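K.L.:
Respectively, the protein sequence lines represent chains A and S.
Sequential numbering of the first sequence, starting at 901, is according to my numbering.
Sequential numbering of the second sequence, starting at 95, is according to my numbering.
Hint data in this document are derived by calculation from the structure and do not stem from the laboratory.
Be aware that one or more of the hints could be misleading.
[To be verified] With a cut-off of at most 30 Å between alpha-carbon atoms, the simulated DSBU-like pairs for lysine-lysine come out as follows: (1) S/133 <-> A/1035; (2) S/141 <-> A/1008; (3) A/1068 <-> S/141; (4) A/1129 <-> S/136; (5) A/1035 <-> A/983; (6) S/136 <-> A/1068; (7) A/1035 <-> S/115; (8) A/1008 <-> S/115; (9) S/115 <-> A/1068; (10) S/133 <-> A/1039; (11) S/141 <-> A/1039.
Just so we're clear, the structure is a prediction, and the values are computed from it rather than from any experiment.
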Amino acid sequence: MDSVARRELQKTAANVRLGILEEVFNASSGHPGGSLSIADIITYLYFAEMNVRPDEPDWDDRDRFVLSKGHTCPALYAALAEKGFFPKEDLKTFRHIDSYLQGHPDKKHIPGIDMSSGSLGQGISAACGMALAGKLQNKSYRVYTALGDGESQEGQVWEAAMFAAHYKLDNLCAVLDFNGLQIDGAVTEVMNPTPLDDKFRAFGWHVIVIDGHDFDQIEAAYNEAKTVKGQPTLILAKTVKGKGVSYMENKAGWHGKAPNADEYAQGVAELNAYIETL
Amino acid sequence: MAEKIATREAYGSALAEFGHKYNIIVFDADLAEATKTIKFKKEHPDKFFDCGIAESNMLGVAAGAAAAGMIPFVSSFAMFAAGRAFEQIRNSVAYPQLNVKIGATHAGITVGEDGATHQCLEDLALMRTIPGMVVMNPADAVEARAAVEAAILHKGPVYMRFGRAAVPVLFDANNFKFEIGRGVVLAEGSDVTIAATGVMVEQALIARDLLANEGISARVINCCTIKPIDRELLTAAAQETGCVVTAEEHSVIGGFGSAVAEVLCETCPVPVLRVGTEDVFGRSGKVPPLMELYGLTAQNIVDKAKRAVAMKK
Ligand SMILES: Cc1ncc(C[n+]2csc(CCOP(=O)(O)OP(=O)(O)O)c2C)c(N)n1
Ligand SMILES: [Mg+2]
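Work the whole structure out from these sequences, hints included.
P.N.:
Okay, here's the thing in structure tokens:
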């Protein structure tokens, strides 16, 4: 990718991160850690990969995205707002009683949300159903989904993995946000799901391992996925939970906690300073 | 004697038939021979997808296919559809109001020999608590076919409950009218109303004759749709007959009887006695002795009807 495109994506991702902080701070709740770790990938999907129309969110031929790790919707909402699906001002209403921006993705009420999610393990199945429907309807759209590494402990993920390979869903590309942490601590200590690359390979998937914060690697992976025939692709993205906000990085404690006013101000300052360097 | 057909047979035939008329797809979880979706598979092999023994994923896949504009049916035994995949039905299907049709077979005690692990007596309770879910429990093959077509035409999630055992065909296919949410008065009566659903409709009709021998006039209402329940018809029946007996092949907790009681205690509080399984698990056996053992016979309805009449003020 050329340096201008890379810089644009980095800037957009930083704005998405600012949106995440704004949402979670104003809600006094929500999940910043896993939102920050998936922010670069979601930014890439909406600004470089997916064929979507902000002014026609239900367009039949659009590419679909299912955030299987639904608790990290602050990243998705911020990206959708950045893309123009709804006003950026609305981000501060996240989780409020009179807002459409529900605590977890709500397909019925939020423009651009292709599937409701939040109960871990379920989104990947819905993504399989969409991919199957795309094939049955001879549509060329692609289906994207994002999973958590903790989420991969759910049995349903593996039911879906089997299904996707069995029905050769090569229009399906999943990314697994391998930030190493879940609520109770390190995934390897809570219930070790590794090696995830070998497991998905054994289930019949094409697997690509990348640094989930490197836009060149993200681009290469999504491009490679499009060339794979007869198999779904898993992008195993090594990430940092809390990425971009120093005091949140690699801390399980920031999984589902909102920053206080001082912390918020510090996070905003750090991200703005980063944008200045671009 | 009337011809006997299991409602699951009628379900499979209806899928195969309507597969030519409507653009439906069917998922099953390694039970196509039993749920009878095999009939659809034979006629529409490219629209049938086995999910293997993975019911949770099957419901999620169906949700995704519906989100992408398809009309998916999913089938398994009631125990594994409503039970195993309850949360997938709630969160992936019903919360986004997706157009998924759940055809659950082998519901209730009439599963017979397979016993308690397979005799789902809780599915009506589970499904009717979910916002926006339509719940239907056809009484015979004619009603089962009609329910399938109504489900296809309805936009939104539907749960249909079918049985394993062959049951008499009660209704005339040639002039059968069906509407979701409508109960039907099968026989008039003035002393007591028997509101029944599913296989208990036949027992209710038998009970009516037995009661007539004792000078008690019973109205029989068939409620195929348990949600949305026919409030008007039930309320009018309660007002006109003064007491009600409900009958279902399901636990008395949370199912059809509960739904009727919920309505009537708000609109017309009269004695409501419920016939159903009494907070117990089932067991293995042949169907007729099981129905006796668990209190699901016409005689059980008669006994409760007499008590209900005696309780009237
Ligand atoms: C079925 C289910 N069980 C439990 C939860 C509660 N929960 C929310 S997030 C989370 C941890 C997720 O960890 P991971 O998948 O690694 O997500 P990330 O690190 O990307 O935030 C849990 C247990 C849930 N949402 N769904
Ligand atoms: Mg994690």
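K.L.:
The structure should be examined with respect to each hint, and the outcome stated for every one.
P.N.:
Here is how each hint holds up against the structure:
no. : hint             : result
1   : S/133 <-> A/1035 : holds, 23 Å
2   : S/141 <-> A/1008 : holds, 27 Å
3   : A/1068 <-> S/141 : holds, 16 Å
4   : A/1129 <-> S/136 : holds, 29 Å
5   : A/1035 <-> A/983 : holds, 27 Å
6   : S/136 <-> A/1068 : holds, 22 Å
7   : A/1035 <-> S/115 : holds, 21 Å
8   : A/1008 <-> S/115 : holds, 29 Å
9   : S/115 <-> A/1068 : holds, 28 Å
10  : S/133 <-> A/1039 : holds, 28 Å
11  : S/141 <-> A/1039 : holds, 16 Å
Comparing the model with each earlier hint shows no violations; every hint is respected.
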